[in-house]
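S.K.: Given only the sequences and the hints, what does the whole structure look like? Please build it.
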Amino acid sequence: MANISLQHLDKIYDNKVQAVFDFNLEVKDGEFIVLVGPSGCGKSTTLRMVAGLEDISAGKLLLDGEDITTAPAKDRDMAMVFQNYALYGHMTVYENMAFSLTLRKEDPHVIHKKVLAAAEILGLTDQLNKKPKQLSGGQRQRVAMGRAIVRNPKVFLFDEPLSNLDAKLRGATRREILLLHKRMNATMLYVTHDQTEALTLADRIVCMSMGHVQQVGTPLELYDTPANLFVASFIGLPPMNFFHVQVGEGEVVGSFFKQKLTAEQQSLLAAYKGKEIVLGVRPEDIETGGDIDVQVFSNENLGMSTLVHGRLQGSNTQEAQITCKLRGWCDYKPGDHVNVQFKKCHFFDKDTTNAIR
Amino acid sequence: MMTLSLEDKKAIQLDRMRYTKNTFSSRMVYLAILFDVFYFVSIYESDVGNWYYTWLIGISIVYNLVFMLVAFLASEGVKNYKISYGYMLCGLGIGQLVRIFILPMMANSAMTKRVIDKKTVEVPVMETPQFVWVVACLVLSAVCCLAAGAVAVTRSRKLAAYNASLLEKA
Chain V
3 MANISLQHLD KIYDNKVQAV FDFNLEVKDG EFIVLVGPSG CGKSTTLRMV
53 AGLEDISAGK LLLDGEDITT APAKDRDMAM VFQNYALYGH MTVYENMAFS
103 LTLRKEDPHV IHKKVLAAAE ILGLTDQLNK KPKQLSGGQR QRVAMGRAIV
153 RNPKVFLFDE PLSNLDAKLR GATRREILLL HKRMNATMLY VTHDQTEALT
203 LADRIVCMSM GHVQQVGTPL ELYDTPANLF VASFIGLPPM NFFHVQVGEG
253 EVVGSFFKQK LTAEQQSLLA AYKGKEIVLG VRPEDIETGG DIDVQVFSNE
303 NLGMSTLVHG RLQGSNTQEA QITCKLRGWC DYKPGDHVNV QFKKCHFFDK
353 DTTNAIR
Chain H
10 MMTLSLEDKK AIQLDRMRYT KNTFSSRMVY LAILFDVFYF VSIYESDVGN
60 WYYTWLIGIS IVYNLVFMLV AFLASEGVKN YKISYGYMLC GLGIGQLVRI
110 FILPMMANSA MTKRVIDKKT VEVPVMETPQ FVWVVACLVL SAVCCLAAGA
160 VAVTRSRKLA AYNASLLEKA
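Those protein sequences? They're chains V and H, same order as listed. Just so it is clear: in the first sequence, position 226 is 228 by the numbering used here, and no numbers are missing. Just so it is clear: in the second sequence, position 79 is 88 by the numbering used here, and no numbers are missing.
Each hint should be verified, as a subset may be incorrect.
To be verified - Below, in silico cross-link-like pairs of lysine-lysine (BS3-like), each with a Cα-Cα straight-line distance of 27 Å or less: (1) H:K30 with H:K178; (2) V:K107 with H:K19; (3) H:K18 with V:K115; (4) V:K116 with H:K122; (5) H:K127 with H:K19; (6) V:K115 with H:K178; (7) V:K116 with H:K178; (8) H:K127 with V:K132; (9) V:K345 with V:K260.
Hints in this document: simulated from the structure, not taken from any laboratory.
M.R.: Structure follows, in structure tokens:
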């Protein structure tokens, strides 16, 4: 069992800079939580507070109901995997993995069994006699994970573990982490700025910005029903298109287009009639046809789909730029016109930036 | 808490050797070198005029250097279960025992004249306390070398046989 409860956590550094504001989260046993957000949003600081590597300025941290707010890192029964692997270069893989248990003076025979079991899980059995410098980045990261596994901790903490890997290796190691979680069913807290990692790994995502939690939810919730403009713009690749529109009678009117509203949308926006709101459309929710005229200025073929960057006809402003992810292989040239329509729209309050629901 | 039977432990001990180094042997060799250092810094302590200045002392000095170099190399070899270095260490251990009968014995049995209380008296070149000390250093150095060598040979053989059995299974 490893339930973690983060209650009203604040982090204020000595220079009075506040990195984390009122962080609340209940992590259930065996859950895979991903903290995601841009650089400097406080996600690593939060993880380090959980690990005991940073003091908690205010709030409470409970592990299985036990208050560990001020407990030293060594007493927290958590293992952390770092971005830079933190392996000992003069030790072999075996020695690196066994190191923490050797320090605890565990029986060498037991250590051996645990190291071999972890190596088997991670596919490192053939690499046990090698030094870290003889391994690839992915293998080194697996050794770092192995070192965490042998401790059999209550909680695994990952601080951007894949950031040093190339794209191909990152994908492979990501799948390994996912398998590891399924196999061990351990509670995991994972920090990343890569939304692909967040969406593919997480049971629940915590999206952060400027030290504040913006939204907590399943990957689908964050993608499908973003809580505010920040989450909508951060989750999804390419990011969502935003347009300032006026709510009219049965439609919203932008500077260069009109979008008809369904009955459900009309009732949702009833309170905003005559007001300006923000309309969000994901590039993948745009399809050809319809009456919104887009003038193409670049075209990126991705194989299965094509990213079309352009601007709404008649506009010349940054705000009216649009990115569409159209199905199939398209060969538009700069200056070409495409008619598109929005399949699904998101609406946000212009002042609060919150989603209108 | 994982508990293991004695049989399990034996099997694991053997398997562990595939990934751990023979640090026992290498540490014993370092000790042997240390005792050898004690030996050669102690042997010229007695003030005996020019008794030591013969061709033998030259050989002794060169042998000390060779011993330390070879022992150090062997310590690295046995660490990695190289059986030949185990045999080499056994040889070095026997050599240390043989050395007792060369300089220390000769210096202990040779007599030299010394002035004590204005009287000239005959005393051994190496008196008994110093003799016991240098012999002890050589014996300890020899024991360390022999232990390191014997353990290295035994472990290397076991590991080689184990690796062969694993290959056979595969």
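S.K.: Hint by hint, say whether it matches the structure.
M.R.: Now for the hints, and whether the structure bears them out:
Between K30 (chain H) and K178 (chain H) the CA atoms are separated by roughly 24 Å; this keeps the pair inside 27 Å, and the hint holds. For a cut-off of 27 Å, the pair hint linking K107 (chain V) to K19 (chain H) stands: about 19 Å separates their Cα positions. Using a Cα cut-off of 27 Å, the hinted pair K18 (chain H) and K115 (chain V) holds, with the two alpha carbons roughly 10 Å apart. The straight-line distance between the Cα atoms of K116 (chain V) and K122 (chain H) is roughly 69 Å, outside the 27 Å bound, and the hint therefore fails.
Pair hint K127 (chain H) plus K19 (chain H) does not hold up; C-alpha atoms about 69 Å apart against a cutoff of 27 Å. For the hint pairing K115 (chain V) with K178 (chain H), the CA-to-CA distance comes to about 20 Å; that is within 27 Å, so the pair holds. Proposed proximity of K116 (chain V) and K178 (chain H) is supported: the alpha carbons are some 23 Å apart, at most 27 Å. Note on K127 (chain H) and K132 (chain V): the hinted pairing is violated, with a Cα-Cα distance of about 70 Å set against a maximum of 27 Å.
Annotation: proposed proximity of K345 (chain V) to K260 (chain V) holds, straight-line Cα distance about 13 Å (limit 27 Å).
Comparing the model with each numbered hint stated earlier shows that hints 4, 5 and 8 do not hold.
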